[in-house]
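Heads up: the protein sequence lines correspond to chains H and X, in order. All residue numbers in the first sequence are consecutive under my numbering, ending with 284. All residue numbers in the second sequence are consecutive under my numbering, ending with 1010.
By construction, these hints were calculated from the structure, which means they are not laboratory data. If you're wondering where the values come from, they're calculated on a predicted model, not measured in any experiment. Ideal Cβ positions, reconstructed from N, Cα and C, are used throughout, including at glycine. One should not assume that every hint holds.
Said to hold, decoys possible - Just some of the chain H residues that point at chain X, by a computed CB distance under 10 angstroms:
| id | residue |
| --- | --- |
| 1 | D137 |
| 2 | Y139 |
| 3 | Y257 |
What the hints assert, rightly or not - Examples of chain H residues lying across from chain X (beta carbon under 8 angstroms, computed):
| id | residue |
| --- | --- |
| 4 | V118 |
| 5 | E129 |
| 6 | T226 |
| 7 | I227 |
| 8 | T243 |
| 9 | V253 |
| 10 | K270 |
| 11 | I273 |
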Amino acid sequence: MNYHWNWGVFLQQTAAGDDIYLGWMLSGFKMTIGLSLAAWAMALTFGALIGVLRTVPHRGLAAFATGWVELFRNVPLLVQLFIWYFVLPELLPASIGDAYKQMNPVLQQFLAAMVCLGLFTSARVAEQVRAGINSLPRGQKNAGLALGLSLPQTYRHIILPMAFRVVVPPLTSEFLNIFKNSAVCSTIGLLELAAQGRQLVDYTAQPYESFIAVTLAYVLINVTVMALMRKLEIMVAVPGHLGGK
Amino acid sequence: MYDFDWSSIPGALPFLLDGMKVSLTITAQAIAIGIVWGTLLAMMRLSSAKPLSWFAAGYVNLFRSVPLVMVLLWFFLIVPKVIENVFNVPPGTDMRLNSAMAGFALFESAYYSEIIRAGIQSVARGQFSAAYALGMSYGQAMRLVILPQAFRNMVPLLLTQAIILFQDTSLVYVSALADFFGAAYKVGDRDGRLVEMLLFAGLIYFIICFAASCLVKQLQKKYHAA
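Using the sequences and the accompanying hints, generate a full structural model.
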């Protein structure tokens, strides 16, 4: 093989002269982390809400929550992303749509990507939350009601404090997925890690170094998240509940 | 308000149908390879030969920690060049699409292998001992006793994974393969009707995946009843 390995490429000035190539990689890395964390915050908020709604004894609310989950689970992420990014601004009332289109392009991409990833993941989080609530013994809810608590009070003081702790271990894989899924957002031009890697190939013709670096960066994110979640799992494990299982 | 114009869909149907065939072909190939290669990986992972089990663990963990988009780009842009260099393939042979499809299957195998491993472990250990006691070899015990039971337990999970895999095929978009989504995007781009085509594509994916997941649920109920 006559490939010229050149790991020094990361320290060279970029063609635009604004930075070294390592700087591009780091900015992509930061974008991936920032986007994923923002989307994760959305996913947790909506996922917890929708997951709870799926278990409440109210037909309309439960049906709404089921519809939400099915909608976001049965359309591919890429299609959802393109709909958020290309379609929605056209369908919104003209004033809002135009305001969106006049924003900084990076901000537009980031918002579309965050909402898309956040809601996509919220459906999966909701399913875990629902499973967590359903895994609790039925007697807990009945005991709460028998004590004279209202249903919302029973959820707030009895069911949810348990459910949110039980649900942490299964959420680890969803948290990992959101980082991986954020790579899809390179397709709308958001300069996150995968996109920076491709850009580096175009500018430097050093595809191996660039792709190896990006792949290792994803592995690094994965390992870090897993280690942190392991700690969190131990912290929140319910004594006597076999660490959630 | 936006003026919808769905008129470009009827004329584009044959083209979209071709795209859907590509999507389904990739799905079927990846499922077939995923189950065979995934089973082998799962058996290696559970084997007592350390190097085999390390290899399988490394393979699965690597593929599971890298985004599919990245894997597809590797197999679309890098792997063909490596193969060209190593095997002296005459330049001009375009194997990028085949390579992307292979990458997709190798990626999904990692996920299948985890499902299959759990399935094998769900079969009671006594079954193995019983098979050995009957004088079977490891291969026979696996083939005749363990795997048939494991696969029966796994059917719903394997099907659910197949639905996810079908959705994942839309990501071959990054490798310029004209799957269903790629076809829909091209038509929308050509006619200036991206809004309608993207919504249409989303609807079709939703119908297929929703119907399939309902079927899986039915099947699961049947299993529990039996």
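Each hint tested on the structure:
| no. | hint | verdict |
| --- | --- | --- |
| 1 | D137 | violated (13 angstroms) |
| 2 | Y139 | violated (14 angstroms) |
| 3 | Y257 | holds (5 angstroms) |
| 4 | V118 | holds (5 angstroms) |
| 5 | E129 | holds (5 angstroms) |
| 6 | T226 | holds (7 angstroms) |
| 7 | I227 | violated (11 angstroms) |
| 8 | T243 | violated (14 angstroms) |
| 9 | V253 | holds (6 angstroms) |
| 10 | K270 | violated (19 angstroms) |
| 11 | I273 | violated (21 angstroms) |
Consistency with the previously given hints fails for numbers 1, 2, 7, 8, 10, 11, ordered from lowest to highest.
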